[in-house]
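My numbering puts the last residue of the sequence shown at 142; the count rises by one with no breaks.
These aren't lab readings, by the way, just hints derived from the structure by calculation. There's no promise every hint is true.
[As the list claims (entries may be wrong)] The calculated label-pair distances, taken between Cβ atoms and stated as ranges, are:
(1) Gly8 / Glu94: 52 to 60 Å
(2) Pro76 / Gln51: 32 to 40 Å
(3) Arg71 / Leu109: 51 to 59 Å
All residues carry an ideal CB built from backbone N, CA and C; glycine is no exception.
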Amino acid sequence: MISECLYGIFCKYCFLFTKIGGIHGQVQLLKLVTLPLKSYSKLLGKDGDLQLHDCNAYHKVVMLAASDFIRTYECPSTDVRNLVNERRLKQAKENRERLKPIIESIIFLGRQNIALRGHRDDGQIFELNQNSSLINDGNLRE
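Make a model of the complete structure from these sequences and hints.
Below, the structure written as structure tokens:
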């Protein structure tokens with residue numbers, strides 16, 4: 001991109017996305033990143049400034065970050081956060097579908113005035129008497 005106020009050119013992706021340079025952050029970022037390129041004599045060619053900049057590791061990382069940003073901006077459904085959220089929403093929907101028959105059964109039993117626990121729901125739940133296993137206290141009390 002061309003900067004009219006600084007009278008030079010920048011790599012627009014490195015200018016926007018680069019914070020530190022190199023693998024360990026030790027490379028000083030100058031031409032095309034923090035300072036504009038003003039000398040156009042060695043711009044193109046095998047040892048030109050554009051070719052050397054294109055071979056830098058930080059430029060390659062920035063190009064990947066920029067393409068990810070553009071892809072996420074154009075299609076937000078590919079963002080990892082949205083994919084994880086989509087999976088969570090799908091799981092919640094499946095859980096709701098599993099709960100519907102249970103809730104419908106409870107509503108039906110409540111309207112018919114039928115006990116949920118069986119026909120004998122009086123007395124203690126835990127009895128200390130050893131002979132309590134001989135007496136059937138209902139379906140869900142044993």
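Tested hints:
no., hint, verdict
1, Gly8 / Glu94: 52 to 60 Å, "holds, 57 Å"
2, Pro76 / Gln51: 32 to 40 Å, "holds, 35 Å"
3, Arg71 / Leu109: 51 to 59 Å, "holds, 52 Å"
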